[in-house]
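Dock chains C and L against the given chain U, drawing on the hints supplied.
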Amino acid sequence: MKQDCILFGAAYYDEYMPYDRIETDMQMIKKAGMNTIRIAESTWSTWEPQEGEFDFTHLDRMLDASEKYGLNVIVGTPTYAVPTWLVRLYPDILPVTHGGQNLYGPRQNMDITHPMYLKYAERMIRKLMERVQGRSNVIGFQLDNETKAYDTCSKYAQQQFVSYMKEQYPDINEFNHEFGLDYWSNRINNWADFPDIRATINGSLGAEYEKFQRKLVTDFFAWQAAIVREYATPDQFITQNFDYEWRNYSFGMQPLVNQFEAAKCMDVAGVDIYHPSESDLTGAEIAFGGSMGRGIKGSNYLVLETEAQGNLGWLPYEGQLRLQAYSHISSGSNSVMYWHWHSIHNSFETYWKGLLSHDFSENVTYKEAMQIGAEFNAIGSQIKNLQKKNKVAFMLDNASLTGLKWFPISDSLNYNDIMRWLYDAFYHQNIECDVIPVTYDNLADYELIVIPALYSASEATLARINAYVESGGHILVTFKSAFSNEHLKVYSDAQPHALTNCLGITYDQFTIPKNVTLGSNGNSYEVSEWLELVTPSTAEVWNSYEHKHWSKYAAITHNEYGKGTATYLACYFDQKYLEQVIARLWTKLGNEMPSIQFPLICKEGINDEGQLVQFYFNYSDDDQTFVYNANDGVALLDNKEIHKGDSITIPSWDCLIVKHSI
Amino acid sequence: MKQDCILFGAAYYDEYMPYDRIETDMQMIKKAGMNTIRIAESTWSTWEPQEGEFDFTHLDRMLDASEKYGLNVIVGTPTYAVPTWLVRLYPDILPVTHGGQNLYGPRQNMDITHPMYLKYAERMIRKLMERVQGRSNVIGFQLDNETKAYDTCSKYAQQQFVSYMKEQYPDINEFNHEFGLDYWSNRINNWADFPDIRATINGSLGAEYEKFQRKLVTDFFAWQAAIVREYATPDQFITQNFDYEWRNYSFGMQPLVNQFEAAKCMDVAGVDIYHPSESDLTGAEIAFGGSMGRGIKGSNYLVLETEAQGNLGWLPYEGQLRLQAYSHISSGSNSVMYWHWHSIHNSFETYWKGLLSHDFSENVTYKEAMQIGAEFNAIGSQIKNLQKKNKVAFMLDNASLTGLKWFPISDSLNYNDIMRWLYDAFYHQNIECDVIPVTYDNLADYELIVIPALYSASEATLARINAYVESGGHILVTFKSAFSNEHLKVYSDAQPHALTNCLGITYDQFTIPKNVTLGSNGNSYEVSEWLELVTPSTAEVWNSYEHKHWSKYAAITHNEYGKGTATYLACYFDQKYLEQVIARLWTKLGNEMPSIQFPLICKEGINDEGQLVQFYFNYSDDDQTFVYNANDGVALLDNKEIHKGDSITIPSWDCLIVKHSI
Amino acid sequence: MKQDCILFGAAYYDEYMPYDRIETDMQMIKKAGMNTIRIAESTWSTWEPQEGEFDFTHLDRMLDASEKYGLNVIVGTPTYAVPTWLVRLYPDILPVTHGGQNLYGPRQNMDITHPMYLKYAERMIRKLMERVQGRSNVIGFQLDNETKAYDTCSKYAQQQFVSYMKEQYPDINEFNHEFGLDYWSNRINNWADFPDIRATINGSLGAEYEKFQRKLVTDFFAWQAAIVREYATPDQFITQNFDYEWRNYSFGMQPLVNQFEAAKCMDVAGVDIYHPSESDLTGAEIAFGGSMGRGIKGSNYLVLETEAQGNLGWLPYEGQLRLQAYSHISSGSNSVMYWHWHSIHNSFETYWKGLLSHDFSENVTYKEAMQIGAEFNAIGSQIKNLQKKNKVAFMLDNASLTGLKWFPISDSLNYNDIMRWLYDAFYHQNIECDVIPVTYDNLADYELIVIPALYSASEATLARINAYVESGGHILVTFKSAFSNEHLKVYSDAQPHALTNCLGITYDQFTIPKNVTLGSNGNSYEVSEWLELVTPSTAEVWNSYEHKHWSKYAAITHNEYGKGTATYLACYFDQKYLEQVIARLWTKLGNEMPSIQFPLICKEGINDEGQLVQFYFNYSDDDQTFVYNANDGVALLDNKEIHKGDSITIPSWDCLIVKHSI
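Protein chains in written order, with this note's numbering: chain U, 1 to 662; chain C, 663 to 1324; chain L, 1325 to 1986.
These are calculated hints, taken from the structure and not from any lab test.
Here a beta-carbon is modelled for each residue, glycine too, at the ideal position from N, C-alpha and C.
Don't take every hint at face value.
[As the list claims (entries may be wrong)] Quick list of the computed label-pair ranges, beta carbon to beta carbon: (1) K692(C) with N1514(L): 55 to 61 Å; (2) N1514(L) with P1070(C): 43 to 49 Å; (3) S1213(C) with C5(U): 52 to 58 Å; (4) E1132(C) with K31(U): 37 to 43 Å; (5) T686(C) with G1424(L): 43 to 49 Å; (6) P1070(C) with P170(U): 37 to 43 Å; (7) S1213(C) with N377(U): 55 to 61 Å; (8) G1423(L) with K692(C): 31 to 37 Å; (9) P1070(C) with V627(U): 44 to 50 Å; (10) S1213(C) with V627(U): 30 to 36 Å; (11) L589(U) with L1961(L): 50 to 56 Å.
[Said to hold, decoys possible] Covered by chain U, according to a simulated footprint, are these stretches of chain C (three or more residues, beta-carbon under 8 Å): (12) 877-887; (13) 1152-1162; (14) 1297-1308.
[Claimed, not checked] Partial list, computed: chain C residues near chain U (C-beta under 8 Å): (15) E836; (16) D844; (17) S847; (18) R849; (19) I850; (20) N851; (21) N852; (22) W853; (23) P857; (24) F1069; (25) P1099; (26) T1101; (27) K1210.
With the rest of the complex left out, here is chain U (with noise of 0.2 Å):
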């Protein structure tokens, strides 16, 4: 979905304010140049207070005052935390999950099959729709937030799983063979007989589960999103507020929800990225979550939180909070909006604070932000809607994720690890990487598709990269991949499976490493958590291992097959390396290598005027220097033309970016 402009504002929560400062707020969001409010994601209590009473006070507040300043409001619906009175009457609202009974408290604690819960969130929802129709400063509205199953194992939801589960196997044998329940007397001979799901031990079995609970999450947007298209214009769009792996930021992929599928029913999709800053600030979060918002839908993306101050140990050094949002633009976001406006008083996240601080003054950060809206303001018609031409793409799989987290490699190494170890190696060397599905239809799309630990693999998955890489396409595939079909049942052929012969390669055995290293150039780099014992077939041979029983035995392998080329890495390796097997392979395929490199990252895409948008920055505590290769252009932010050959600097925690033809 394209943009009019930068969305540029923050979550705004008029009913938190300890006093009322509404005017006194739009005013400052006003001044810092921003452009959007988004709201009422989380309010259900305060517009339904009690069971079927409803007060919109701080709603109308809201959209009053954005009106008469002139800002667009993005309404969220209230539905990912249930009020008081919801839980008194029907406590089972609150389901068992694999941690035992929920109690209530936390947010996203309930249970999503529950019919109670569906019946009255959708009359909250209808009354807030009722509300905020022809409201003209409202141009979107999100489903729910950060939605997930919330692992409910009510009868609700195990009933339903069950269910699906008869239906795919009308012959209940099958179903006990295909998953094995023969094993430690596991079978279900009669529906019946199903047991509580949450014990399991079936890896196969536990995983369905986890794939059935994404399900009820792209269910549950489809119903949200259907009722809410009842009262919305076209002009209004409707997102959601994806969000990725948490690790006390946003590592990786999100292992609950298929982003892929979830987003389906969505207009456009909508991200939260948070990532370590100060000194721990690379840009990689950002990077590789613009890759995975660009994905969901393929399209550009908003960002609709990211932090300003940040949670406790991420306070921006001056010229962070900029190159952030400069970060988000160049990945291909329309959008860049601070969780969140003030600092919150009260309860739980008091300490991840906003762009304000309690005390509401203008504070440093503040005064950071009024810059990029001046900036947005003046350049950023020629920043947005950009498009990527990436030649590279990460094909990513819930599957799998789930599939390593029930037959996990190690404790400190899961599939989003080893994407990351991959993602990072681009990164850093600056060849900018697409996110794709397993089901992506045009593979043909890219030259080089990376393939991170495949391990749940259907027959058509593999066909579909094996006839890729016959008609001319490259993969880079690592250790652990097509080992298993798409209920965990391990391939009972040669591993790994149906890609032997694209690999040219094939093994039986693998192991824990102990002091096994893989040379290079005179260096020894460390062999860790997995090590695969390859025997190639017509694969040539790039590196073994270094080890006394071992060594007879490929540690990474490059095979011709059809007309395109398949690499495959056996083991989990020092970074360093894998980016020198990156530039091996790279050039190999006949492309350069970017000149810079990590603390100087350059991104680019194209922008509506066709011109291509080059953005070069510098994530470090010293200034940066290179020589500026790109066709001649000007520089956006002081219109200065740029001459290929120059000599630039960049000073620390800065950027530049440069308008040029193509």
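Below, chains C and L alone, put in the same frame as chain U:
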């Protein structure tokens, strides 16, 4: 409360003995120079073996034998552990807590708000008091033992809590506003909707429930005291055995009891103090526990429990048991009571050894107790009832402790860590300190008030502090003070709110320090855990951060305000440097720094004769020599004269006690 | 029980196979030289898919195919995992445990005291036995698998426990006294008051419940054995697959089963032994597991499960699978049975790999098994039924293990740690050891009895030990022995109670060592975890503590008592020094120390011909050379003569087997 003599003795449990040895024990107690035993505090199932059947065999034996040997007795009410039959009758006397449903087994796991618990406990107490009445060697009563609310979240407790909130907030909307319950849809729009408190994520509400639980303890004591007083004679005291924050030893302020409030119904404060021993013995826990013990009722106190052989790894080296005994006395304790006489042969605390080992022989620890007993008999009258005249007080506050639990600085730095960081820095330099509550009326009693992390501070408290400084007092305040009100609602003006003028500073941002130091005299001291970006208004900057981005902000400031001064520590840093800062402040206030330092510790007080008694302790494995520079006096233990200017050597783990005129 | 041949084979699961391959598998088993499969131990839901409906398709297939290929079969009763329908019928077949309410999914989580479990299990066993009856290649039956009481705390189990206590204590007051229940008001004054055992803090009571749970296991086996014997022929053996304390491998004595008692109803002990592999393979677990296996019934035993490729990280280096096989045989095992034939494609143990990988190919591990099979066929008759004549026995005791769980020394040193500290020190020096229970009648069978931490010891046991030493036996006893009686009541006289005279020492204090060492030959060895302050009466002091305060106490003593000697280790210290102490003792007793040491290991036994068979193993990555100094003999594997004085080199991970006259 004044004592006629130092109480020296141990807890005694006739009912635990593997065979009848009461006569032998009383003789051994007597032989050790002891004069007191403490009995009965966990004996309900022994005194009342079945509902309504009472059996005081063991009680009578202990009273008879102690009387025969001229020993005092302190009798505890046996209510802190319930009998099996009571739980069979009323299973829900074991309440739910945050940890789930309690089961029978541990002590201190019943619901002190349960009507049936209270009913049966009252009858038990009355039966016991009737039995004890008229026993002339019973000198006092201990109410229960180490009492808490044991985190009861029973329906009784939660109903009382709702009533307690309702009373404070006739208008439920004010309650919602003050506690910020709009956040995450947590509003309680009707008191009947009040959800189970246990899973609340609202820090204000959660902390208020903990405050309410502390009030339950205060109420419980008042209830027991009233019963006991019906039977006690005027010269029999009422006390309680208060304990401190437990980190496998007595570390800091007790989070679960407001001891200042709780002790109002008592005659004298009793405490237990446990501390590391062997090479880890420093005396700091004894000193802090003593400051707190004195502070509870602003008077002398009783050490009702301390270690003899103690927990595993606390076997005293030669001299340490005696050193510890005088350390307690020098803090103003009027007793040294060991927990416990003999080591228990069964159950749970088998390896928390008493004065005697399991074999009841005269082991080396017992023999050292004999020396202590002999010395107490010789000089006890000159060192009891010691009065302190300390210039420094620590203002301590349960609510701030709880506040920093809900809004933690870090995993490793909580309220008591900060308090002890400061307290120990004073202790190491031989500046003795008192402890006072935030409600203390006569701040002007002190020259310097140390205020660690007063995170939750009412306007009234802050006004009292300001007035104190205005009229000539001095305060030393740390980071995280005056940040939120009494309901943990963050103040919404400049930080540190009402103290900004007094401290002459302001700040609106803070972070976790990474590679930040403070320089002093060519050394760099690490800043860790917490750092505020302070800007002085009127304050003098004593130090600033060594860091590229934070160097413009102040780390330590000192401000003249009215007739007094206010010093602020905006971050947490190396304790070595803190000692320098304290010395700078202390001399600036016109005091001289003590000439000796840890491991030589000097503590002092004025005895009943009006003479100053000074204790010099050597807390180390090596002899320590110093120049005595107080008035000429007499060394009490060997009755030798001692003169100003004498060079004195104190052997390892030994002490010197000097009495002289003031 | 003697065997006709070494049983070599694997667990086989036709019901788990992804496709029909039973013929191929039987051929491959045969090709590997194997002769036995073990089947059926977790198949209830397959054999009885619905209540009362039986389906023995897979059983029949396996019996038919194995018969066709001349393979022996061991049939397991399938009772250690319950079918889903049984849990639907009787949900409380899944009991509460200390961890709460069990849910369906894991194996071994049912209540073995539940009447309905027993009823249905009996029918299942009878149906299976009827089906198997008359099958000539079925050589034996395994009762259940790795059986425990699974911590059942169901009402059935707890009621039985109360009856069991009642029977022991007709006078409830004696029970209260012996168990110390006056403590913390825990008295049970009426059997009807008996509280839920799960939260008891009384170590005596808690440990007694664990002893009772071990008795449940013994009773369960007796019940199953009686049923199976109704159907079995006299030449079909009854066994069980006993496992050991599990620390991700078989570490030490099994805490939850008294295997000596449990095996009384069986013909032969079966065990599983898993151990680290690759560079961590030492043979120590195989040796200890073998000592224990022999000890269970005082005879040869069967290794019913051991690893082929094993758990992740245990992929055998070349030679290791064969080295392991002979290591088992050299301990007196009459079998090497892998768990399991093939790697499982679903569920839970997918990465606990079998002999075959998931692809069923002839991998390198399978090929090494072929070599083992060929060699067993060639020389098996000369190395089976090996009889040991060890001079040293370890006296091991479940109750002491449990005692030290309730009264732990430290987080890192428990009973099995102490036992292995000693066992491995003997192992490293090639002194082979037996294992005996505390009830062992003929202590005089041994020259030296090693007694690790016999914390819980009845008077009878201690009297038997004293008598053994008096009449010429030798004991090596560690700290923490003879401290408490059989109910964990600490003895109330001088420690170590009844052993004071025999050991010639006494002590009444102990602590955790800090900076304590033992000196020997100019080296200092660390003392850690535990230290007793021992005073010798008649004992010779072999070493004392290096420490300012503890140096007056003895650390290691040696006493002559009657015709024997008693050596005491009063602390835990560096194993290197322990080996020196053992060598000193061993030579003092008139023995010669073996000339080779780990990584060269020598184990031996007398075969059916009355010849001595010696196995020399090289547990290292390097070749090892030694001088052969036993009688002239013949190397069995290559049939070469070998002479005393020969210099022999054993390649890395290889072995030499020599047969010679005694």
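Okay, the hints, checked on the actual structure:
Range check, K692(C) to N1514(L): Cβ separation about 39 Å, and the 55 to 61 Å hint is violated. Checked against the hint of 43 to 49 Å, the C-beta distance between N1514(L) and P1070(C) comes to roughly 47 Å, which is consistent with it. Range check, S1213(C) to C5(U): Cβ separation about 38 Å, and the 52 to 58 Å hint is violated. Separation of E1132(C) from K31(U) is about 38 Å and conforms to the stated range, judged on CB atoms against 37 to 43 Å.
A hinted range of 43 to 49 Å holds for the C-beta pair T686(C) and G1424(L), which are about 47 Å apart. Take P1070(C) and P170(U): their Cβ atoms lie about 54 Å apart, and the range 37 to 43 Å is violated. For the pair S1213(C) and N377(U), the supplied restraint of 55 to 61 Å is violated, since their beta-carbon distance comes to about 33 Å. Take G1423(L) and K692(C): their Cβ atoms lie about 50 Å apart, and the range 31 to 37 Å is violated.
Between P1070(C) and V627(U) the CB atoms are about 49 Å apart, so this pair conforms to the stated range of 44 to 50 Å. For the pair S1213(C) and V627(U), the supplied restraint of 30 to 36 Å holds, since their beta-carbon distance comes to about 33 Å. Distance hint check: the CB atoms of L589(U) and L1961(L) are about 54 Å apart, consistent with the given range 50 to 56 Å. Proximity of the region 877-887 of chain C to chain U, defined as three or more residues with a beta carbon under 8 Å from a beta carbon of that chain, is not established by the 0 residues found.
Residue count for the region 1152-1162 of chain C with a Cβ under 8 Å from a Cβ of chain U: 6. That meets the three needed, and the coverage hint holds. Proximity of the region 1297-1308 of chain C to chain U, defined as three or more residues with a beta carbon under 8 Å from a beta carbon of that chain, is not established by the 0 residues found. The closest approach between the C-beta of E836(C) and any C-beta of chain U is roughly 13 Å, which is over the 8 Å cut-off, so the hint fails. For D844(C), the suggested interface contact is upheld, since its CB lies about 4 Å from the closest CB of chain U, less than 8 Å.
The interface hint given for S847(C) is met, as the beta carbon of that residue sits about 4 Å from the closest beta carbon of chain U, less than 8 Å. For R849(C), the shortest C-beta to C-beta distance to chain U is roughly 4 Å, which falls under 8 Å, so the interface hint holds. Taken as an interface hint, I850(C) checks out: its beta carbon lies about 5 Å from the nearest beta carbon of chain U, inside 8 Å. Given hint, N851(C) at the interface with chain U, holds; its Cβ is 4 Å from that chain's nearest Cβ, closer than 8 Å.
Here the hint on N852(C) is kept, as its CB sits about 6 Å from the closest CB of chain U, short of 8 Å. Against a cut-off of 8 Å between C-beta atoms, the interface hint on W853(C) is violated, since the closest Cβ of chain U lies about 10 Å away. The interface hint given for P857(C) holds, since its Cβ lies 4 Å from the closest Cβ of chain U, which is under the 8 Å cut-off. With a cut of 8 Å, the hint placing F1069(C) at the interface with chain U holds, because the nearest CB-to-CB distance is about 6 Å.
Hint status for P1099(C): violated, given a least beta-carbon distance of 25 Å to chain U, over 8 Å. The beta carbon of T1101(C) is not positioned within 8 Å of any beta carbon in chain U (closest approach about 24 Å), and the interface hint is therefore violated. Against a cut-off of 8 Å between C-beta atoms, the interface hint on K1210(C) holds, since the closest Cβ of chain U lies about 6 Å away.
Going through the hint list in order, the structure does not satisfy hints 1, 3, 6, 7, 8, 12, 14, 15, 22, 25 and 26.
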